[in-house]
Amino acid sequence: MGLFSYLKSTILSKIVMAGTGVILVLFVFGHMVGNLQILIGREVFNTYAHFLQSLGELLWLVRIFLFICLILHIITAIRLYFLNKSTKPAKYQVKAYVRSTLSSRTMIYGGIAIFLFLVYHLLHFTAGVADSSIYGHVERYGPLGIFERQDAYYMVIAGFRSVPVSLIYIVGVIFLAMHLNHSVQSMFQTLSIAGPRLTPVIVRFSRIFAFIVATGYILMPLTIMLGIVGGGL
Amino acid sequence: MKLTLHIWRQKDANDKGILETHIADDVSEDMSFLEMLDVLNEDLILQDKEPVTFDHDCREGICGTCSLTINGRPHGHEKATTTCQLHMRKFTDGEEIFIEPFRAKAFPVIKDLVVDRSPFERIMQAGGFISIHTGAAQDANALPISKINAELAMDAAACIGCGACVAACPNGAAMLFVSAKVSQFALLPQGQPERQKRALAMVNKMDAEGFGACTNHYECEASCPKEVSVRFIAKLNREFLGASLFEH
Ligand code: HEM
Ligand code: FES
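If you read the protein sequences in the order shown, they are chains A and B. Sequential numbering from 1 applies to the first sequence in my numbering. Sequential numbering from 1 applies to the second sequence in my numbering.
Careful: at least some of the hints might be erroneous.
Computed cross-link-like contacts, DSSO-like style, restricted to lysine-lysine with a CA-CA straight-line distance of at most 27 Å [stated by the list, open to error]:
no. : chain 1 : residue 1 : chain 2 : residue 2
1   : B       : Lys2      : B       : Lys79
2   : A       : Lys91     : B       : Lys197
3   : B       : Lys147    : A       : Lys8
4   : B       : Lys205    : B       : Lys111
5   : B       : Lys49     : B       : Lys2
6   : A       : Lys85     : B       : Lys16
7   : B       : Lys147    : A       : Lys91
Simulated coverage check for chain A against chain B, where a stretch passes if three residues somewhere in it have a Cβ under 8 Å from a Cβ of chain B [said to hold, decoys possible]:
no. : segment
8   : 3-11
9   : 78-84
10  : 88-100
11  : 192-205
What the hints contain is simulated information worked out from the structure, not anything from laboratory work. Predicted model only: the values in this text are computed from it and were never measured. Note that beta-carbon positions come from the ideal geometry of N, C-alpha and C, so glycine has one too.
The whole structure should be built from the sequences, with the hints applied where relevant.
Take a look at the structure:
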């Protein structure tokens, strides 16, 4: 039994999609809540960023774990995409959809858009490659400024000051929200958490969750781009 | 009623197939969809043309033999209705109707609107049965079954195996069918001894027959003439995962 032999089974593939989906969804939510602290101010945000950096090896363990989940998610998505494409060689001349949604029918395209956005995002903020001018600034803090730490606040504010950069983020987040709109409820169904009374609640939750994620993540680039947050830097 | 029918014509599995247009100008509202096609076929025969081939048997909505994708929907737009129980009064005079076969790689077209649904039989042969001898019917109360399970098992057993779920699914998945069959046994005491073996065998057969994977579009439930619920697919996932982990 090789590591990827689950790919031969439709249901096991679905379960891997959903299982990795749970991790990614939890991360997306946690990442949003943490980052929203930028709306409070430099002190709070840099303390948070500094705390994450101080985790050291633990931070890397979490990153590696998330990376593995993402890779499994993508490999499985691609395999399912090709399988599901192959099952309908002859197309309907007329096809009426009833229950499926734009979100549900565009998962793979949305997923690819999210992936491209993710690469950009990591180059931009995590590696500081996309725009090195915003990277590597230092904040002095504590009594008389005797301590030094990475000025993550400066990085984000200066990054989102650029209108094109902010727009890329906003578009990326809209794709993510569309993905979540279908996938959160789909994940519950796949993991067998479903029922006549439960499922409608989960579907509504999925929609609200996607909306909250969209709002939370769009708030940051939007308010910074417009100078509402971090005006004086 | 006068109707313009665009009907899929295809000589055999290898033919490319094409939509052919026919005018049906004396359709009664009281005809079923299949009777309407019967009348069209009589006309075609009188004109020395090849009649349209389509599947049917009971014509009372219980056997699952009739098929047809009507205006893009398996069994047409009427909720919880098979094609044989769909009446022409549900259409409007002058309407254009597109009639196509149930499309899926696993259901190759045999001719015109008839497709080969024998993959479903083979999935049933893989595990859709009970091999213990259950004897003659015993006293109904001797085998206690909770009301909720009895009703769920009945809901699952309502599946007539027509294949509309596969035809409706953008992924060509057969999960609704397989989940109904696996669930109807898994919910009853008689199904317990072979429960895990059955889930593995039927799902593996389903995969081998070339059906797709569910991505929860729920088109199957919307098209099912017996309103089999997608909650059985959720149940199937659990049954299959449990069986994969513990049955070896
Ligand atoms: C942070 C990023 C992501 C999150 C939070 C996420 C989350 C999810 C979740 C929860 C599901 C539902 C699983 C299920 O139905 O059981 C899902 C499905 C899916 N994801 Fe993602 N995903 C992300 C990134 C991606 C990427 C980069 C791709 C692309 C290649 C992708 C492609 C898909 C596809 C095609 C599905 C549908 C599969 C199915 O429903 O069976 N996702 N995603
Ligand atoms: S012909 Fe039997 S169900 Fe329609």
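Hint by hint, here is what the structure shows:
1. Lys2/B x Lys79/B: Judged against 27 Å, a Cα distance of about 24 Å means the pair holds.
2. Lys91/A x Lys197/B: violated (35 Å)
3. Lys147/B x Lys8/A: Not satisfied, since the Cα-Cα distance of roughly 37 Å exceeds 27 Å.
4. Lys205/B x Lys111/B: Between Lys205/B and Lys111/B the Cα gap is close to 25 Å, so the pair holds against 27 Å.
5. Lys49/B x Lys2/B: holds (21 Å)
6. Lys85/A x Lys16/B: Given pair Lys85/A, Lys16/B holds - Cα atoms ~19 Å apart, limit 27 Å.
7. Lys147/B x Lys91/A: The given pair, whose Cα atoms are some 43 Å apart, is violated under the 27 Å limit.
8. 3-11: holds (count 4)
9. 78-84: Held - the segment 78-84 of chain A has 3 residues with a Cβ nearer than 8 Å to chain B, which meets the minimum of three.
10. 88-100: holds (count 13)
11. 192-205: holds (count 6)
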